[in-house]
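Chemist: The residues making up each chain are set out below.
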Amino acid sequence: MHDIQPAAARRPEYVLPEAPPAAAGEVQRELSPWEKFWGNALARRLVVLAVLAIAWESYSRVVQNPLLFPTFTDTCVAFWRGMASGELPQRIANSLGVLAMGYGIGLAVAALLTTFAVTTRIGTDFLSTATAMLNPLPAIALLPLALLWFGLGTPSTLVVLLHSVIWPVALNTHSGFLSVSDTLRMAGQNYGLRGVRFIVLILVPAAFPSILTGMKIGWAFAWRTLIAAELVFGSNGGGGGLGWYIFENRNQMETANVFAGLLAVIIIGLLVESLVFRTVENATVRKWGMQR
Amino acid sequence: MHDIQPAAARRPEYVLPEAPPAAAGEVQRELSPWEKFWGNALARRLVVLAVLAIAWESYSRVVQNPLLFPTFTDTCVAFWRGMASGELPQRIANSLGVLAMGYGIGLAVAALLTTFAVTTRIGTDFLSTATAMLNPLPAIALLPLALLWFGLGTPSTLVVLLHSVIWPVALNTHSGFLSVSDTLRMAGQNYGLRGVRFIVLILVPAAFPSILTGMKIGWAFAWRTLIAAELVFGSNGGGGGLGWYIFENRNQMETANVFAGLLAVIIIGLLVESLVFRTVENATVRKWGMQR
Amino acid sequence: MQRDLPAAATPLLQVQGVTLQYRTGRHLVTATQRVSFEVHRGDRFVLLGPSGCGKSTLLKAVGGFMAPVEGQIRLDGREVRGAGPDRMMVFQEFDQLLPWKTVRQNVMFPLLASRRVARAEAAARAVKYIAKVGLDQFADLHPHMLSGGMKQRVAIARAMAMEPAMLLMDEPYAALDALTRRKMQRELLRLWDDTRFTALFVTHSIEEAIIVGTRILVLSPHPGRVRAELDSVTEGPGSPGFGALQARIEEMLFAPGQAAQEPVHA
Amino acid sequence: MQRDLPAAATPLLQVQGVTLQYRTGRHLVTATQRVSFEVHRGDRFVLLGPSGCGKSTLLKAVGGFMAPVEGQIRLDGREVRGAGPDRMMVFQEFDQLLPWKTVRQNVMFPLLASRRVARAEAAARAVKYIAKVGLDQFADLHPHMLSGGMKQRVAIARAMAMEPAMLLMDEPYAALDALTRRKMQRELLRLWDDTRFTALFVTHSIEEAIIVGTRILVLSPHPGRVRAELDSVTEGPGSPGFGALQARIEEMLFAPGQAAQEPVHA
Amino acid sequence: ETQEVRVAEQFGLVYLPLTVMRDRKLLEKRAAEAGLKDLQVKWSRFSGSAQMTDAILSGSLDFASGAYANFSVLWDKTHGAVKGVTQVGIGPVWLMSVDPRIKSIKDYGPKDRIALPAVKVSTQALILQMQAARDFGLDSYARLDANTVAMGHPDAVAMLSSGKTEVKSHFSAPPYQAMELKNGAHKVLDSYDVFGGPHGSSIVFAPVKFHDANPKTFKAFVQAYNDAIELINTRPAEAAEIYKRTSNDKESIEEIVRQLKDPQVVSFKMEPLNLTKISDFMYATKRLQAKPARWQDVFFPELQDYVKE
Ligand SMILES: Nc1ncnc2c1ncn2[C@@H]1O[C@H](COP(=O)(O)OP(=O)(O)OP(=O)(O)O)[C@@H](O)[C@H]1O
Ligand SMILES: Nc1ncnc2c1ncn2[C@@H]1O[C@H](COP(=O)(O)OP(=O)(O)OP(=O)(O)O)[C@@H](O)[C@H]1O
Ligand SMILES: [Mg+2]
Ligand SMILES: [Mg+2]
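Residue numbers (the numbering used here), protein chains in the order written: chain A, 5 to 296; chain Z, 5 to 296; chain L, 234 to 499; chain W, 234 to 499; chain D, 2 to 310.
Take these hints with a grain of salt, some might be off.
[Unchecked claim] Using 20 Å as the maximum straight-line C-alpha spacing, the simulated SDA-like pairs for lysine to any residue come out as follows:
1) 220/D / 294/D
2) 165/D / 68/Z
3) 334/W / 255/L
4) 291/A / 255/W
5) 334/L / 257/W
6) 112/D / 282/A
7) 165/D / 65/A
Hint data in this document are derived by calculation from the structure and do not stem from the laboratory.
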């Protein structure tokens, strides 16, 4: 039918002697300074931030309505004053305390729900039904119940916070669990892992990219909700949190302070993203090759 | 060192004649009626719903505070009245209109952002920085800008809605994209797919479980935010939506109507989950074996 | 050398009229149909058959990951109801390693997870078996940094390190080059000499089946049914007995008219 | 029959002193070191080497999925800068099929995505090549319902259906049983007779290398360097020329003291 | 002159003139008389004063309505770029309690909670502070702030009626205070006592820029508003019908008419009444930088025509 080596005759065969690998080490192309700069994620992020800040500054200068939309510099000054006076740090601390508690409990409840959902069939149905029903409900729907159960104060705020954290985390975690490949599942079962150990040792790390995303979303919505809840609930007893700081200043029309409060939210968001989530990502899903 | 067949002598070898497969068809164990019932997801879901309804009813009877927490039956009656009078359907229609628009635009913007993020490095940085900064911001931070740009009315509500939809969808989509395996990526590139075609034909289906989760979360938070925005913005022009209905009835202390409005949210949530998301899931990720 | 095997009255594994099916949405795929065989203690039992005939599925059923729709699988007389560390499985897929663990941790994981041995012992065994599969240099890498064949070798090391009573291996050497493959085969036989485990081994190489197996089950194409159950030979490749058996199996598998010796190049 | 090949002056593919590295976090893994070879038009060029020596990595670099840190890869005289449908790749991994498409759609997809042919022609080709790999019955299933070997066959059908100028195949037959494997090899050679594509073929079976290849590149263990480049033989397996070449390569690959003929069973 | 005027309405009997204006299209009529044919009036409703302020600042709204206290801050911060148009309803707000122990604000211990619409900044909170300043001295005006909690009126009514929660007092507003009185709560503080007589608390306000650019429209608004008050005062039954229809109130027409005729509930007059006491107090407690000496400083001169000395 056909011949094997049509053009082979032209080429000589050769055999090289066995040799240890050349001391290869690291071969690297030289990068131009621009490539070096651009290759640095931090540098690129700072560029993004600078562009956003400049956009803010220039737009606010165009609008010329400091009561509605103060300039970036005014906001920074207000932020600095608030920090220097110790008021802003105090408010931030108050809010972060509640936030951390709500977020922590929310993650725990979400973990319970998804554990229940992956171990029993009724749990799956409960989770998907409850999520479909409750997730779209606005916080005000929960307030009467929260007030009934816990009265005023932090516990009621926590209920509202939980409502923001649980569903996105549970949805992402559960969907991540469902996406774990059959091979990995079987490997886990093969070692005799069952129930919670199976979830913790196999499903959780295997679904970690999804879980992280859920945690990011839950975190952001916890913040949003906390600020909104503090606006509604006001301060009960203690000095009040960042939401209350924003509300008070809004009422006093100290718009620069309002934006300073929001700037605090932004800065905390950036810090948490870059210090917590990014570090976790680098130490887990990136290192494991589960995400690029 | 060792022998091949230590116990082989005991067993005879045998060769069977080649035969066509027996008309196997479907072999199936008979299920007990209970197993049949329990095997039906719809039945299980209805049980879950019934349990929740009974819990509501009995707790509200214990609490005995119809102004704060009406019974399930009262709420159903109020819901029925609202539906019959045509008021509730009208409000629902108003809200759903805005919701659909906001959700649609939100998905589109999220798609743009993630496209930008996977095609360019600066896009990645922009997306993660912007998400970290903006996602935790409460809606009130956007209102001044929205008012400046669009004045009162639907467009401003849309801005707030978008803020709820874009980030979770973009986060989930992007994380899904990053998790697509290198082999699939290379396969796609191999066929000469680049840019948007690569995203649409390879990344989107490959990341579909994540995208669906993001869409579910975005949908739920769009609802929440719409109700809240209608509460804050009130009604401008038209009759107002479901959120305004809830607010009005709250002012009138028609708590049963308030809960009827919330019940409408719940019912729509369940319908969307079971008719839209579940159908999509079954026709995609389940069928493709990407999720169990 | 040891001829004194525990000559138990009942076979270790009894597969009796087992039909295995996959149901996904509208589709119903029958993987195997009424397959019966028995594996005795100390057997190295090979499943041989064409691609898609249900070898992996059978192995999964024995592993306890899947229940038969018809028939029974008994281990030690008791029906198999679930997976467990008494039957270590090496899967066919490359993604069976835990991506979040290094090679070493992957090998140690089953030992620790099943609470078989203490951490120190697990670490020692990991070192030993990673060396056996020739991956000492790569012990601290994560699986995504390994080549296909290296991943499979880690999976083999992981299963062998458990020193289980029963080893289920699904084409473990398919991704390996001739040299590495031969080395692995030798390691397996050496381990068998030491611990006399029972192995159920899937392969698509007739030569490998004869080298590794003591007993060979030949399956027909999709849906898999038993064609024959044969004894292997003791002689090495190249010997007349080996060649004869190889020819016999080839004839059995290759449909008539498609003789094995048909020259590939016209 | 055709002896009149396009005897182009420059080789189709030139790999010149190519070093390939993976960098992940702290780790830097050198996969191949200063590898050079040339593939002429119509060659069936085989890469042969031990597990982990960088065969897949080399293929990925030729496919344009990876850039060398040292050296150059030239296709038709131009440096390879990216992937494209002129070089169809069959990957080693089982997850290379698009899970959201059926077998048929998977085979049609590259044809449509690369805008090579119209839909009707794509459908016709899909039918033809799915039949060639013996999966007619399974054309409308999704990949997750296939066995490992079946998935690889779909990938082979998908690549062959493109009828590309250059075919890059990474251990395509590793998961196949002897019969299917031989059938696939025959199909490949038949297709080559028809279209005279150029193939770069990774295998770990010396026998397969000689059967399928016209020219064989032997690589040393990790990190991969060139050991030898040999011509294949025309005779079929069993012939003296075939045996001699096989022995020669085995000797080259198997380190001294580990002679190929060392009996496996003591 | 603008083609479209955007007005914000609010809930409650206090804002009835605006409701009547809308329902009877009084503004359109007055505008037509002034030669402004086809003036479009766009009515909107807000639930929060901050949003209304934003709307005014962003130029999305021409006439806003709300608490004088909020307006004062806006006036102060904008250095008078926003001014009052007219006062809306006059009526008392009562601090109600179901705790028999509590007779006056001096009886509040650290654990007793008072619900009000917004802590520190609502009119109710200011009135409470004014009384505290009187009872405990100006420096201690904020003493009771720690007792207050923010809660919507409906929720507060529900809390009081349940009687089981820690919230046993509510600084209320019509019509909720009458409801609570009926349910067995007692009055702890009457704002009329704090102000030394009837007082307004909410007003309609508008940007000076709008006033200057649209003098005819502005004048038409003031006239229409006056027309609305006249309608209410002369034909209360008709006004009650409008109110019931537009607000879905459950009360009977007779009851609403009774409330409209009862100065202890609500009465209407455009001339600001005791409003400056609020801004004086806010100035004294450093929440305003400037203090209007007379109400004329913060209202548009058009209002002068409707002052019946
Ligand atoms: N997850 C699944 N869902 C549905 N059908 C499946 C699934 N896995 C395998 N099958 C079907 O079951 C049959 C047997 O598959 P199996 O994987 O056991 O084959 P195999 O003998 O291991 O083949 P190979 O040698 O190619 O690995 C095949 O026809 C395949 O289509
Ligand atoms: N994604 C990766 N990241 C880091 N290192 C890798 C990666 N893929 C492969 N390597 C390393 O590169 C080397 C060559 O791998 P490659 O996959 O090319 O081997 P191979 O010759 O194809 O082996 P096999 O026959 O086992 O498939 C190995 O040492 C491996 O550890
Ligand atoms: Mg298999
Ligand atoms: Mg490889």
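Chemist: Against each hint, give a clear statement of whether it holds in the structure.
Modeler: Cross-check of the supplied hints:
1. Straight-line distance between C-alpha atoms of residue 220/D and residue 294/D comes to about 25 Å, which puts the hinted pair past the 20 Å bound.
2. A distance of roughly 11 Å separates the Cα atoms of residue 165/D and residue 68/Z; the hinted pair therefore holds under the 20 Å criterion.
3. For the hint pairing residue 334/W with residue 255/L, the CA-to-CA distance comes to about 19 Å; that is within 20 Å, so the pair holds.
4. Restraint check for residue 291/A and residue 255/W: satisfied, since their Cα atoms lie roughly 13 Å apart, inside the 20 Å limit.
5. A distance of roughly 15 Å separates the Cα atoms of residue 334/L and residue 257/W; the hinted pair therefore holds under the 20 Å criterion.
6. Proposed proximity of residue 112/D and residue 282/A is contradicted: the alpha carbons are some 45 Å apart, above 20 Å.
7. Taking the CA atoms of residue 165/D and residue 65/A, the gap is about 53 Å. The hint is violated against a cut of 20 Å.
Comparing the model with each numbered hint stated earlier shows that hints 1, 6, 7 do not hold.
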